[in-house]
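Let chain A serve as the given structure and place chains U, S, B and E on it in line with the hints.
Chains as they are written, first to last, in this note's numbering: chain A, 2 to 124; chain U, 191 to 1233; chain S, 1456 to 1681; chain B, 26 to 327; chain E, 8 to 188.
One or more hints might be untrue.
Label-pair restraints from in silico Cβ distances [to be verified]:
{"id": "1", "chain 1": "B", "residue 1": "Ser115", "chain 2": "U", "residue 2": "Leu1068", "range": "42 to 50 Å"}
{"id": "2", "chain 1": "U", "residue 1": "Ala228", "chain 2": "A", "residue 2": "His108", "range": "48 to 56 Å"}
{"id": "3", "chain 1": "B", "residue 1": "Ile56", "chain 2": "S", "residue 2": "Val1503", "range": "40 to 48 Å"}
{"id": "4", "chain 1": "E", "residue 1": "Asp154", "chain 2": "B", "residue 2": "Phe298", "range": "52 to 60 Å"}
{"id": "5", "chain 1": "A", "residue 1": "Gln6", "chain 2": "U", "residue 2": "Ala392", "range": "51 to 59 Å"}
{"id": "6", "chain 1": "U", "residue 1": "Phe1136", "chain 2": "S", "residue 2": "Ile1511", "range": "17 to 25 Å"}
{"id": "7", "chain 1": "U", "residue 1": "Trp676", "chain 2": "E", "residue 2": "Pro132", "range": "57 to 65 Å"}
{"id": "8", "chain 1": "B", "residue 1": "Ile56", "chain 2": "U", "residue 2": "Gly877", "range": "58 to 66 Å"}
It is worth saying that the hints were derived from the structure and are not from the lab. The structure displayed is predicted, hence computed values, not measured ones. Glycine residues also receive a C-beta, built at the ideal position from the N, C-alpha and C atoms.
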Amino acid sequence: MEIFQLEYITLITGGLLVLTGLWGIISQKNLIRMVIGFSLFDTGLHVIMISIGYIRNGTAPILDKAVDKVNAAGQIVDPLPQALVLTAIVIGLGVTALMLAYVVRLHKEKGSLNITNFKDLKW
Amino acid sequence: MVTPIFIIATGLGLAFALGFIPKKHINLTGILSFLGLAFMTFISGQWLFSYLGNNELSQFIFTAGARPPFAIALKMGQAEAMITLLINVVGLLSAVFLYDKLKQIGRNAFIIYLVLIMALNVIVMTRDLFNLFVFLEITSIATAGLMLLDSNLKTLSAGFKYLLATSLIAGVFLIGTIFIYSFGGSLFIDDLTAIGMAPLKAVSVAVFLLMISIILELKPFPANGWGLDVYQTANPGISSVISGGTATAMLFALYKIMPLSTMQSYDILIWVGLITFLGSNLMGLKQSDARRLLGYSSIGQIGLMISIIGMKPYIQFDIQIILLAILITHLMAKAGFFWLTGIVGNTDISKWGMIRKHPEMLFLMGTFVFALIGFPPFPSFFGKWQLIMELSSSGHFLWIGLILLGSLIEAVYLFRWLGYAIKKETATQSSIDIRPHKTLPTIIFAVFLYGVGYLASFWFPMGGSINWLPLAFIAILFALDFLPAWIKNIISIAGLSYYAYQIIPEQEGLYLIFAFIFLIGGILTLIPGFTNKGKRIGFYPVAMMMFVGMGMLIEAQSMLEFFFGWELMTAGSYFLIIRGHRSMPHALSYMLFSLGGAYLIFAAFGIAFAGSGNFLMSGLSTMGGLGGIAYTLLAIGFMTKTASLGLHIWLPGAHAEAESDVSPMVSAILLKAGVLGLIITFMAMGGPNNEYTTLPYVLGWLGAITALVGNLAAAFQEDAKRLLAYSSIGQLGYILFALAMMTHLGWLTGIGYSLSHFAYKAILFMGIGAVVLRLKTHNMFEMGGMIKKMPFTFIAVLMGIITLAGIPPLIGFAGKWLFYNAIIEKGWYFQGTIIFFAGIIAFLYCFRILYAVFLGQLKDEHRNVKEAPIWYLIPQYLLLLSIMIFSAKPEWIFQPLGSMLAPIFPQGQLVWNEGGTAFSDIGYWNGSWVMYIIGIMFVMIFAWLFIQNRKPKKVKQFNIVYAGEKPERPETTHMAYNMYSGYNKALGFITANGITTFWNWISEHVTAMGDSLRKIYSGNGQTYVFHIILFVIIVYLFSNGGF
Amino acid sequence: MESQNNNNNNQEKFRDPNLDKRTVISPDGQQIEVDPLQDYFEQARPQVHKPASKVIEKFLNWARAESLWVLGFGTGCGSIEIPPLTTPRFDAYRFGVAMRPTPRQSSVFIISGYLSVKTLKRAIRSYEQMQNPKYVIGLGSCTINGGMYWDSYNTINRLDYYMPVDNYVAGCMPRPEAILAAFESLKKRIKEGRADGANKYAEHFDWYKANQKKVIKDWNMPDYNW
Amino acid sequence: MSIIAKLLWVLLGLFIILNWGLLMGALIRKIVARVGKRVGIRWYQPWLSLPMLYSTRSSISHGVMYYLGPVFRLSGGVGIFLFMPLIVGSPYFDNFSFAGDVVVILYFQFFGMLGMALGAGEGGHPYSTIGISRGLAQFTTVEVPLTLAVISLAIQYDTLSIKEIAAAQQGGITNWTLFTNPLATAAALLSMLGIFRHAPFNLVQAPNEIPIGPPTEYHGTYLGVLRTNGAILHVIEAVLFMNLFFGGAGNWIELIIKTFFIYFFTVFIGVVFPRFRIEQSVVWFLKVPLVLGILAILFMAI
Amino acid sequence: MNTTIEETLTSLESRFELKDIKQQRGDLVFVTVKKEQLISLLTHMRDNENFTHFVMLSVVDWIEDGVFQLSYILNNPEKHVDIVFRCMIERENASMESAHHLWKQVATYQRELYEMYGIDFPGSPRVHESFILEGWDDIPPMRREFDTKKYSEDTYFPRPGRESKDPKEHMKNKLYPDADK
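Chain A on its own, in the form it takes in the complex (with noise of 0.2 Å):
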């Protein structure tokens, strides 16, 4: 039962998601859906991170008493990957705000929403 392990869950359901924002991404007209199918796109990367981060029975890692100096590395979740996160969330934040305040644009110019409609350039 291997698989139903926390690291497991969280490994399959970031992959569940990243796969749905993809999905939302490439079957989604409407710009705002795209937008939503990206943030899923980026949450499901973030929850793959922490499930990479995570190491079974280990704890926060604070090194403080309850770990033990010389091993901590065994002992410890790995702190790389949150602190990773974090950054990538906030990187993820910026990329979902700035996409947003593209789509406002792009309604102020042409009244639509449907990416269809933005065909101006080909070729």
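Relative to chain A, chains U, S, B and E alone:
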């Protein structure tokens, strides 16, 4: 030393700080931004300087004072310094270019711009994968942000697609990063490399994801529709940063992470890159929007560089140098080109004729085009040269083929564009925007390109032996272009004379002959230039470029120098040809055939390098096992210049439409460069008893058929200069045939023919050119009766024609006599018969041009036409004098020629007795006696007629017997149109335009292919996302050996 | 000469548009005026050519007489009588008579029958384009006094008013034998040195021209067709 | 032999050739006339026509080139004569054949043609040009079988010298090229039809259609020069064929007989056949004569 | 009378005013029509009656009546019959409507008639250009009031001594000198 961390600090800090400056102090914001950018530039520059001075080891900078993985590591090595410098220079200059736009948008624009440049720097410097991800995202956010500032629907939609795609790509990168980390436990690239965990399957997937996402950032074909939209719609300043800066940074990132991956991934890079290079250029063929076109070109170039990164394992030479040479050229030329589109304003390439009003801008454009194609003296020339040589020596001929094919296709649209700019008439009166802050960056990059080109030559083997002095002379001529034409003509003639004085005494043997044709011929053909009033902008530098290029062919000790000279000559002659009236399409086809030929020569040189291991011209004779192919490539390459059948379609238009004094240059002289090349090829093949018997045999037939078709087509022309041009094709067919015989007599014929063709074709083109100059028409049926108006020209042309036709007693006959002997000796009877048939057909056009132009009926409009300008007559009569001398004393030319050839072909030499009679094995001929006998007899018969008929009544042109009627108009009495209609009925099918049709078919289909390929760019952002996903999957499947 | 020429040309009705003065633009942009009559045609009068010294002239006349080159120009119905001359039945070649297709190379002009005014113009051109010495044979009554066309509104009556005639052959039509006889008679004249029509034409040029211009109202050529 | 003596012998040869050419022309015309049941011209008629032409009292000139055209033409004819050895083994009648071989003669034919063409061209008459364009067009293919035949001969005798080729055929009729290389002879004889321009290849002059083509403007003295050239050229071209294919001539009688029959051959064909259009004649030479020429070379080369 | 001609004439009579119908041969008939109706008649003949071939146009000068008689001969190429339409026009300032638009070749006849008789056909192509005569400056020579003998005598230098005889009398006197006696 300022630590590179200050680059980030400056960028970020300034970006924050600018936020506090009130909006009204926009100028202060601007100045501060420039200072920041300049400081960043200074930092990288200073690092580069310090590395160049002494070979220091690369410096690592660990932020937060800790080693990875607990902190981010930056690296500032020589390469990083170089790349960041380039990025910062582009950033700085683009900021200058964008200044009014940024100012108009406000301080936010400055902030985002600073962040963008800073982010690019970090992408280059960072050694941390996650950091790389972060700054990839920042780059795309900043870029999208910059685009967002421009509230134009097209820009917005492009920006959105861009943002969508890059975020997705960054996501892919992130997944890769995470997995790498999970397996490797580090994000520090150097540590990861040191672990050497590539063999792990799971890791290889992760590395693959990293690599593919960077590749995707570099916009590989076909997953790059979003990139093109950005290029097309962004402000040219931004586009130049994207094309120059972002792409450079991404390339470096790719280069950086490649050590992580397996050897197999290098092959992925190669194929992805080559397919991108080819596909992108193919799609550019049909593009008419300037910026999108540049986008295609940009993507293509980057694809090439991706593949070069992938070729690292196969190349002995330092790949960084090759890459750098190509990268610098691409960066500067492409950035400059994008700025230029901003200056011109009109994005329809067919409207670029408006740039002509500012020759200096046209000069910039030409510089960029030639730099992009890889012409000397630009760095990419050397880069491509070394690349091809290395690939060849490792035996990757398919890649060479693809690279050269892609370059050729790129040349098609770039030169078409250049042609539009130089020649195409435009209706629009709008002027271009040449404010200094726009033009200055462009000019700087153009100047840099030349400078770096000079420097780059020293990076590569043999590059240092290039003679830069003549190039400096050309540069001075460019600088002096404001002077009146006659001064420049004097300077040019003086310069060329000095060059000749330097070169010719050093030459011996056949090179002496060709040095004479190229340089003395050049001086002679420059003389007519004195007739030009005004400034003749741009003529002299390009003419000198052609002659200097030909001089370099003579001088060349190494293949690099030879190719350098060859390309220089091609470039110069292209500009000469395109100057002509209506010559835009002809110049294009000339350029394409020349380039195609040059690339074949290039490939052959590569084979020679692979065979001999050095760059010397002597290496051509040690080809290794691929000799047959290499010599074929060389021969075909040189035959594009000699315009042999199949490769000739550029010639008639190019020669006919050129200016009156350019036609002799490109016909009498330029074609001989091809002959020289053929001679070099044949000599390299190893003289008379070589192992490659098929090639000369095929070339012999080709030469014969070329002669036939060329002469026949010449007989059916209505355009006098076109007639001469086709005649050149025919005559060059003779020369090809003669050389292909590979016997003493054959070469004597061929080289003698080259000399006499030089003389008489120069006379003819100058004579007819002078007529065209006076009559302002090319059509022979509109001429007539010029003998009364231009008698001196007539005499010169008549003598030229007699020489051409090979009628005794003039020297042209020597060629015919030698031909008979050579053919019978060689045993090529049937080819020989075709040659003689062609020779007799030559009479048709000989008579036609003499009659239709000089005899027959003088037209109303031409009744007060004057004799040709004296400057046209002087060189003609000088050449005529030499023809006369050598006609009377043929041994003066053929005896030395024979002794020059004796070392190569000891068998079957001519024997000359004291009386000047030449004996071959089967025949004999005494030129002097023939001359005397005919001369004396002619005088006696003339005297006899004169005694009998002393005072004929001189009558006028309509005093002819006209069946009891009188002629009505000279036009209807001049029998010149469709003169050989009966002959055309009988044999005209031979000249049916099959070959032109063939090439048109090819070009149509290639263009159509590009056109249908580019239909995948539907404009829908979702499709582009889909492309990206599909691309990842397909490349993954391929890299793992299939499905 | 000039003035006469102009008198006829002045008539607007018979203007030949090809002879109008015209202004054309030369290639270098100048306007130049072309007067076709002056620029395209030689205007000089014919010259009297003195015969060579007696003995030589006698030899040359013999040679001329024995090789008569006849211009192949049939002016009227009499021209149907010329071709038989080259057939086996009459075979004029044996008398040194040959047909030439161009007046430049011919020495004998046979006016074969009536001459309408329109043909007269062509005949005069052709005659003038023949080189001195040249001989004219008038064939048939029409050339003598108009024959059956004596009162026609457009047929000349007397050939010798328009060009010097060496021999007339009477008849309507004379048969080929008569033409052969005419050749013999012409030969005799030439050998005697009396056939000097070309010089006579040059001497009395004005008279001939006046006669010609009297009947040819639309005189659209130079006075002498070289 | 001193140069003066040489010149005198050459002039003697020229005198004989000229007179034989005039006589031959007359004889041939007489024969043709007799075929047509006519009496024909008197045999001395050409000697009468020449003084008649040379003695025209007036003449015109269209310009310098027009004036020089006949000079070129006659120079072409006399030039071929000068480079042609007449009598095999005779040092007196080999003219200036030491100056060049058969190639010189083949190409010197063009000297007269081109000069004449230019002269006629300056005459400004469209018919001249039509004639010339036809003549040149026809000549291009006429020369092809001849070239093949000459190459075949050069292979056969391993020389291009006419003297040596003629010398090699001495010693009996079976040594003639006619018998040793019949294919080349056949090809050359067919192309000779085009060189002499009798029917069916006489569209160039087409007397009734374009008044005698190129010389349509020439008259009097000019025409006299052209006729002189015609007499010389006909004989000397026949001499060329005689030397190459019919064993040369050991003496003048032989030369006269052989040239007569060679020339008569073309006239004979001409009397029998009607005239070709120009495209027909151009193509004709590229059919049977060309194949014969190729076979001749193959025959010799293999 | 030929049935085709009869039918044609019958159908014509209902439309046009025909006079003086005169049968010359079985397949040839002369009809006189009014000047005003002629062109429409010809058009009708060409388009409806299948007389598509225009044979010729000729004229007779009836100087005594002061008229020119124009004859237009039409042919029916299928039935091989001809009809000649005559039309009288005034001699003074003779003018007639042009029929060149019906058959192109009519223009040539009309040029000839203008030159020889002075009959004008306004609108006919090149009708006023000289046709056969070059440089004719007198009245049109075929008009009967033109005295050709006088003109010839004035212009063409008649050779004196010429006498004309009536051929009939002359031959009679020559061959049968005794016949009258």
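> Hints broken by the structure, by number, lowest first?
Replying inline: 2, 5
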